[in-house]
Amino acid sequence: MAVESPTKPTIADKIYDKLFHNYVWKSIFRTGYPNTPRNQMLVVATNVFLHLHPTRIHRTHVKITHTYCLGGLSFFMFLGLTVTGILLMFYYVPSVDRAYLDIQNIQTTVQFGQLMRNMHRWMAHAMVILVFLHMMRVFYTGAYKPPREFNWVVGVILLVLTFLLSFTGYLLPWDQLAFWAITVGTNIAGSAPVLGPKTRFWLLGGFEVGPDSLIRFYTLHVIGLPLLAAIFMAVHFWRIRRDGGLARPL
Amino acid sequence: MATAVVARPVARPQTRVRDEEVLVWPDLVFVEFIAALIFTLTLFLLAFLVNAPLLDQANGDVTPNPSKAPWYLLNLQELLLHMNPAMAGVIVPTIWLVILGAFPYFDREQEGQGAWFRTENSVRITIASALVGFTGTWALILWDSGKLAQALNSWFGWSGGDRLAFLQSVASIQGQLPWPGWSTQIPYLWFNANILGQTFHHLNFPLFLQSIAIPMGVLVGLPALMIYTLWRLGWVVTRRDALLALFSGFVAAYGVLTLVGTAFRGQSQVLVFPWDLKVSEGIPGQQ
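Residue numbers (my numbering), protein chains in the order written: chain A, 1 to 250; chain B, 1 to 287.
Just so you know, the hints here were simulated from the structure itself, not pulled from any lab data.
Remember, it's a predicted structure, so these values are computed and weren't measured experimentally.
Glycine included, C-beta positions come from ideal geometry on N, C-alpha and C.
Straight-line C-alpha distance at most 25 angstroms; calculated DMTMM-like pairs for lysine to aspartate or glutamate: (1) 63/A to 27/B; (2) 278/B to 56/B; (3) 198/A to 61/B; (4) 278/B to 61/B; (5) 26/A to 13/A; (6) 198/A to 208/A; (7) 63/A to 32/B; (8) 63/A to 120/B; (9) 63/A to 19/B; (10) 63/A to 21/B; (11) 63/A to 111/B; (12) 63/A to 243/A; (13) 68/B to 276/B; (14) 68/B to 212/A; (15) 63/A to 20/B.
Taking CB as the label site, the calculated pair distances span: (16) 192/B to 210/A: 30 to 40 angstroms; (17) 277/B to 211/A: 23 to 33 angstroms; (18) 278/B to 210/A: 27 to 37 angstroms; (19) 267/B to 227/A: 37 to 47 angstroms; (20) 202/A to 63/B: 20 to 30 angstroms; (21) 105/B to 223/A: 28 to 38 angstroms.
Chain A extracted, bound-state conformation (with noise of 0.2 angstroms):
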């Protein structure tokens, strides 16, 4: 009758369990290293980042030509621009004699400055960008259907907001491409019937762009329409998993 007897541990197993299994690192991930099965849905199940995620998911889901990530990247995207958007913010002020010379500034004499509002354009673009790829695809994989048309219109909210995120961000840099961009932008606005004008004068803070303008225009790219656009993410998110997950054959 052969019976296995336990093996002497080495020392890589040795190293593994002072890594891993001490109280410091239990204290924190509660999980050991997510290195089985049971270890691997606990970790995604407690981490508050990673529980976004269901613990398993159908394969089909995993294929990266059934969703190309479109939407994880355009709230990537989403992350991204406030990390080089805050970076920003510690150089940048909103007022008019300033505006312009602080993006020079930005431009010229801080460290990585350029780099910065150069990732946070790029980024921006390429958010508008995912995100209508993103409706898309969920449009042709027809991922709106019951129960999940809620979370449709949640989406196309999603899609005006970051319209308007890059928008009022458009004319920060208080150069000519910004300010007449905002004015043939903000007149488009206020050509409607009846509320145009009205509406005009209440986002521009007066009747052309101008110093209020720059600081509406601020304060709603920096904080109004990012945490409008942060709760209906919520929204979207936690609406997926309450609907079964991803959209799936029947």
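Let chain A serve as the given structure and place chain B on it in line with the hints.
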């Protein structure tokens, strides 16, 4: 004994088949990590190579020609050239967003979800309607900018004469037809209604026809005609099919409008080729 294992062809409700599931860690987390990594590196590379634009300081007295909105609004700016500004800038996009949001309330079938182009005919509907949206939008833009009349003139020497001059563009319907004087002053209210500073009293019919009625007719009529045709062809059967045609046509038209507004509109918003694009003010080195 054998009867116990005979397969039963019963339509079972959607159940979770554990065998077909994978663990999120590592399978999905890995994919997400790689996607995030690729995007971070690509964007870093782009940010190293291409600088964000910064023109001269804002100056309300110096208007660049053309002045353009951010690129994702240039589709609306393009629409503005062809119809009443309130319609192009606000009413049409608002109505479209409501329609877009209402998609799942119109198409309530659960069939055809969870995979790309799952329903029958969906690929050919998508391709056909995208082609219609693409060519239709281009044709309308070329016609309304007078390029079609120009081309007919220079290719065939056909000027159309004065009697057909109103066909040159939408605006010439107002300008080139002998409208009687009363048609620009059709009262529809017997008093001046003043709502938030705007007066409503009479209707300028030629202007209404040119800037509201015809564009609205085109925006509603052409998609409807396309869906009707696809239905008669037997391609569009379900509501999902109708939405496929509508959405694909929209994406194509939206793309064309954005492209034309971005790359084909030169000074005074005249239709030009991208290589003839010039901006007069505000770009260093260009006057």
